[in-house]
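Participant: Make the full structure from the sequences, and use the hints.
Protein sequence lines correspond, in order, to chains A, B and C. When you line the first sequence up against the numbering used here, it's residues 1 to 264, in that order. When you line the second sequence up against the numbering used here, it's residues 1 to 62, in that order. When you line the third sequence up against the numbering used here, it's residues 1 to 45, in that order.
Keep in mind that the hints were calculated from the coordinates and are not lab data. All residues carry an ideal CB built from backbone N, CA and C; glycine is no exception. Incorrect hints may appear among the rest.
[To be verified] Here are the simulated DSS-like pairs of lysine-lysine, each with C-alpha atoms no more than 25 Å apart in a straight line: (1) A:130 x C:7; (2) A:134 x B:57; (3) A:134 x C:7.
[Said to hold, decoys possible] Derived list of chain B stretches under chain A, where covered just means 3 residues or more per stretch with a C-beta under 8 Å from a C-beta of chain A: (4) 1 to 7; (5) 20 to 30; (6) 52 to 61.
[As the list claims (entries may be wrong)] Chain A regions said to be covered by chain B (calculated; three or more residues, Cβ under 8 Å): (7) 125 to 133; (8) 193 to 201.
So the chains spell out like this:
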Amino acid sequence: MAIEINVIELTERYAKFIISGLTPASANALRRCMINEVPRMAIDEVNFYENTSVLFDEQLALRLGLIPLRADPGLYVLEDECTCEDGCSLCQSTASISAEGPIKIYSSDLVMGDENISVADDNILIVDLKDGQKLLLNAIIKLGTGEMHAKWQNAVVCGYKNIPHVSITDCNDCGRCVDVCPRDVFKCVDGRVMIGDDINCSCCNLCVEACELDGIVIEEDPEAFLFKLETDGGMTASALIVYAVRMLRDKAVRLKSVLERFSH
Amino acid sequence: MIPVRCFTCGKVIGGLWEEYKERRDAGEDPGEVLDDLGVERYCCRRMLLTHLEIVDKFVPYQ
Amino acid sequence: MGYYCAKCKYLVEIDYGSPGIRCNYCGHRILIKQRPTMVKTVKAE
Chain A
1 MAIEINVIEL
11 TERYAKFIIS
21 GLTPASANAL
31 RRCMINEVPR
41 MAIDEVNFYE
51 NTSVLFDEQL
61 ALRLGLIPLR
71 ADPGLYVLED
81 ECTCEDGCSL
91 CQSTASISAE
101 GPIKIYSSDL
111 VMGDENISVA
121 DDNILIVDLK
131 DGQKLLLNAI
141 IKLGTGEMHA
151 KWQNAVVCGY
161 KNIPHVSITD
171 CNDCGRCVDV
181 CPRDVFKCVD
191 GRVMIGDDIN
201 CSCCNLCVEA
211 CELDGIVIEE
221 DPEAFLFKLE
231 TDGGMTASAL
241 IVYAVRMLRD
251 KAVRLKSVLE
261 RFSH
Chain B
1 MIPVRCFTCG
11 KVIGGLWEEY
21 KERRDAGEDP
31 GEVLDDLGVE
41 RYCCRRMLLT
51 HLEIVDKFVP
61 YQ
Chain C
1 MGYYCAKCKY
11 LVEIDYGSPG
21 IRCNYCGHRI
31 LIKQRPTMVK
41 TVKAE
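Facilitator: Structure, rendered in structure tokens:
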């Protein structure tokens, strides 16, 4: 069974593709891998030296943590896998802010300790400092995965559905299905009911119920999946897919080697 | 200050607020501005639609 | 480490011997503790 990928839409941060010829388990593994397993950098700890802004330290720290950072995940190692005891240049980097109001502090005002790390979105407002308010902080950036905290999650939205196939077996062109379908799967051409884009079908079965002749059949292809994926800019959508597939393959290889050791 | 990400899905919406506010105040339809900014899901749309700036009201009581 | 008055921002030294606290300058009864000068580490989550 050959795996086939058909890309429908691909931009820097969004991907929509059909992947067919694979089991539901593998498709779900790919989805989970993209959400949970692919590592990325995010601010994890914040040292506050001075903060007289309107936000509490904790609120500010959360806002900083959620800012998407763009970096090659291969540059750093996970804290747990690092040889050091409490942080070294291999597993963490820094960013700092030093400002006095009145000024609006944006994500682009973060001064990075490593030039390989940059902010994915420049115009995120972190805090609005009013007259005389001061902010002086030093943040520690660490590598992490989505299963630890959502700020390390590469895929903002990642999901799939089986490819639906709608077919008409019997029809008197009453047009009820055209009116009832919320996804506009059916269309009326010269008084005849036709199937348009059945990939948009959500399998709600409203048309099946509306049809008096019971002439509409909706089937799902169990081995073809329509994936939709959106990233926050830390990684491009295509890079995320490739990285996740590689991770999945490496895991499978590792599992295989362990199993082989048992069988001897 | 608007939350950095959508509470529900995690889409980064922190950077969209200023443009949204500017265009909304200029008289554009908020829904159309959101469509234009690429805010598709209703979880993200409510983040911008229901946001209220209260920093300036806070400051005198600091 | 002192407290400052919530109304007039006057820095108040608290006399622990006397019952109750109040601002020596304006008599306001709400005092706010000053922020410590040490570094505060917060987890970003």
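Participant: A separate judgement is required for each hint: does it hold in the structure or not?
Facilitator: Against the structure, the hints:
{"no.": "1", "hint": "A:130 x C:7", "result": "holds (20 Å)"}
{"no.": "2", "hint": "A:134 x B:57", "result": "holds (19 Å)"}
{"no.": "3", "hint": "A:134 x C:7", "result": "holds (21 Å)"}
{"no.": "4", "hint": "1 to 7", "result": "holds (count 5)"}
{"no.": "5", "hint": "20 to 30", "result": "violated (count 0)"}
{"no.": "6", "hint": "52 to 61", "result": "holds (count 3)"}
{"no.": "7", "hint": "125 to 133", "result": "holds (count 6)"}
{"no.": "8", "hint": "193 to 201", "result": "violated (count 0)"}
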